[in-house]
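**Q** Chains A and B, in that order, are what the protein sequence lines are. Residue numbers for the first sequence follow the numbering used here, so the first one is 6 and each next one is one higher. Residue numbers for the second sequence follow the numbering used here, so the first one is 572 and each next one is one higher.
To be clear, the hints were calculated from the coordinates, so they are not data collected in a lab. Hints are supplied without guarantee of correctness; some may be wrong.
[Unchecked claim] Think about it this way: if two alpha-carbon atoms lie no more than 30 Å apart in a straight line, the pair counts; the simulated DSSO-like pairs of lysine-lysine are: (1) Lys276/A / Lys980/B; (2) Lys296/A / Lys945/B; (3) Lys945/B / Lys113/A; (4) Lys635/B / Lys276/A; (5) Lys884/B / Lys980/B; (6) Lys661/B / Lys296/A.
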Amino acid sequence: MSKALRDVVVLDTAASFWAALGAAFLADFGATVIRIEELPPASDNNADASLDELANRNKRSIALDGRSPAGRRAFEQLVATADAFVTDAPQAQLAERRLDYASLAALKPDLVYARGSGFGADGPDRDLPALDELAAARTGMMPILPQPGQPPVYTGAGQIYTSVMLAFGVTLALLHRDATGEGQEVDASLFAGNMYGASLDVQAFLAMGGERFLRPVSRLDAGNPMSGTLYPTQDGRWVTLTMPDTDRWWPGLAEITGLDANDPRFDSHEKRCEDHRLLLMQLFEEAFQRKPAAYWRDRFDERGLSADVIEDYSYPATDEQARRNRFVLDIERPGRAPAKSLGFPLFLSDSPARLSRAAPFAGQHTAEVLSDLLGYSEDEIAELEAAGVVR
Amino acid sequence: MSAERASSGETSTAKPLTGVRVIDLTVWFQGPVAAQHLADFGAEVIHVERPQGGDFGRGVRTIKAVPVGDWNQYFLVINRNKKSLAVDLKQEAGQEIMRRLVERSDVFLSNLGEDNLERWQLTYERLGEINPRLVYALASGYGRYGGMNKPAFDLTVQALTGLMSRLGEPGQPPIYAGMGSGDAIGGLMAALGVLLALYQRRRTGRGQQINASLYGAQLFLAAPTLQPYLASRDDRLARQRSRMDAPNPLWNTYPTNDGWVFLCLENTDDNWSALCRSLDDAALACDQRFATATGRREHAAALVAALDERLAKRGDGEWLERWRAAGITASRINNLADLARDPQAWENGYFTKAYCEEVQREVDVRGVPVRLSKTPGAVETLGPELGQHTEEILVEALGYTWEQIGELKAQGVIL
């Protein structure tokens, strides 16, 4: 078995969960990803430990003081051996620390230099903090996700698109470098990730405009009663339907909800989705409340309908389908209670993602990296440690 | 492979995927958008469609009960930079066209059901035999293993992740993260998988199978809260949580007298003082309940209520101006109209203009979300007409004669 990115070395200086996760996808598929932890350590590390476990799995860690001459030298040597560099720091800070593209490309001309940013490489707000909340607020979706009259909703999902975009951009640039020998800068922003996750609404508004994209729409005023809709059931759990081509699904859905498939009010797509759509939603609203969610799942399954129960997190935590595909993993560690973790969202037959190493503590691989990658002797490493340059 | 064919590329600007040919046998959104990412960066993407009606996305008439208008942006934007080949895969001659295309392609990408792919002899086993270098990617519903075989649309799969159940105020209906939110991440994962396999192929000379699912990808959308839940099994993480009960009231949404703002401040005493100063509110600054980080956390409901009351006195423009001056991190909560005119989106190319043949004018479209400084992606053409490139592909890439094409048309194999 080979690894897709077997010969790729990535230096990862990301501070945020989402940018580190982008680099984790590269590590999952075989890249040697080395986290560079700054000495002295930043004090405000209050990130959730399980998120750190996820975002830094399969990585190595070296801790060094990049401000000291010896630390800077080791860092520069690392850059010279690396294929890609990942950062989420502000541009001003990168320039001040000589971590900007020009400085690093001078050390390694074909470096792929990837930056996870808040708002992109250009524009008046390119220096705003790289916070997913700020990007989500800017994207325009928060007001229309909830029901009318409710506060805007922050999902936290936007940053994940950016994580994948970062890995996508790095791999794309590596492919180009392999073909031409040319390195370059990659930028994937939280703003782009949030916009991209909302692309259907965003594009629809760009093309069509209209109030229905600016204010929340009641769930009982959907464009299609059978698609994109949610209905409560008897036990307080909810079901959701996605049957856009209603002609195909209507007979089966009518039957399980006790409606007459030949009812002249609903006997065409136009009648269901235009003339009588509000009435049909009311009838579904009543029908689904007559039985509990589990009953409806059985009916959906029996007829192969495109609908399901809206679950909570306990579902993926125990779902066999999630476990079999390693979307969710059982984690066992000596001396700790067994736990679960998100696994791998992507299957490659010849380069399967593996959990080869747990997230490292800061500096866990300092000696190993200095010795194996840079050829430092044990004496030199001990000297640097004694001087507080590495740990 | 890009290096080998790059030299004969006909486009003016080199793109990282120039010379990579992708068979895009996909419908709706998840599959087409995966291929869109590849097309944006120079891959030759051939969108394979049935002759009768083509991709279902062509049939979209309304979105949120709003008519799509004179151009179908749903289809045309995610199928930009692509060619269209209309071929009936139910017929043997149509399958033969696909096999010839597979011989001459780098990637096969599909989000159709595996039963269809089997019926049309488009399984990996079959296609890998024809072309061992082929990267075979499925954008699936529930993943490669486990045998779950029910219909998969992004909302019905998002329902299973648990994300919807924890969004919004307690007692409110579950919340969908947005139309296409699941397809968008599933498609992006598939595109990443294709690139990884292409990268590996440079060394091994062999293709492989990829499976990127709506379920696996959407579980990751929930990662910021699902991962802590999986580690702790703390039920509070699975439930709706009111903004009145924010873990840190300084990091929360607030209504103003004309909209909403998102305030993003760590719960420190310095930030609290700065915020009180910006509110011109000495009484609040002196309130002993809120004097420490712990106090602010423990009295969250009271603090959110106090801030609600004060922030409602002015408009968000005024607050944000004050906060900018005071170094307080916050944003107005925009709507899509604000976004549509946001210079930040335009200057980074997240929005761009493209010429739409259908209406013979320039239209505003989503641009390329990932920036590569030397080999940027671009929107060169919007989605093709159904079958627009059928003849070109059959003649130039597959070596069919015009006589054979006439026969195939007569038999209804191609459009």
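**Q** Can you confirm whether the C-alpha distance between Lys884/B and Lys980/B stays at or below 30 Å?
**A** Answer violated: Lys884/B to Lys980/B is near 70 Å, above 30 Å.
**Q** Compare the distance between the alpha carbons of Lys296/A and Lys945/B with 30 Å, and conclude whether the hinted pair is satisfied.
**A** 59 Å, violated
**Q** Mind checking the alpha carbons of Lys661/B and Lys296/A for me, to see if they're no more than 30 Å apart?
**A** Roughly 41 Å between the alpha carbons, so the hint for Lys661/B and Lys296/A is violated.
**Q** Take a quick look at whether Lys635/B and Lys276/A sit within 30 Å of each other, Cα to Cα.
**A** 16 Å, holds
**Q** Compare the distance between the alpha carbons of Lys276/A and Lys980/B with 30 Å, and conclude whether the hinted pair is satisfied.
**A** Given pair Lys276/A, Lys980/B is violated - Cα atoms ~37 Å apart, limit 30 Å.
**Q** Does Lys113/A sit within 30 Å of Lys945/B, going by the straight-line distance between their CA atoms?
**A** 16 Å, holds
Violated hints, listed in ascending order, are 1, 2, 5, 6; each of the other numbered hints is respected by the structure.
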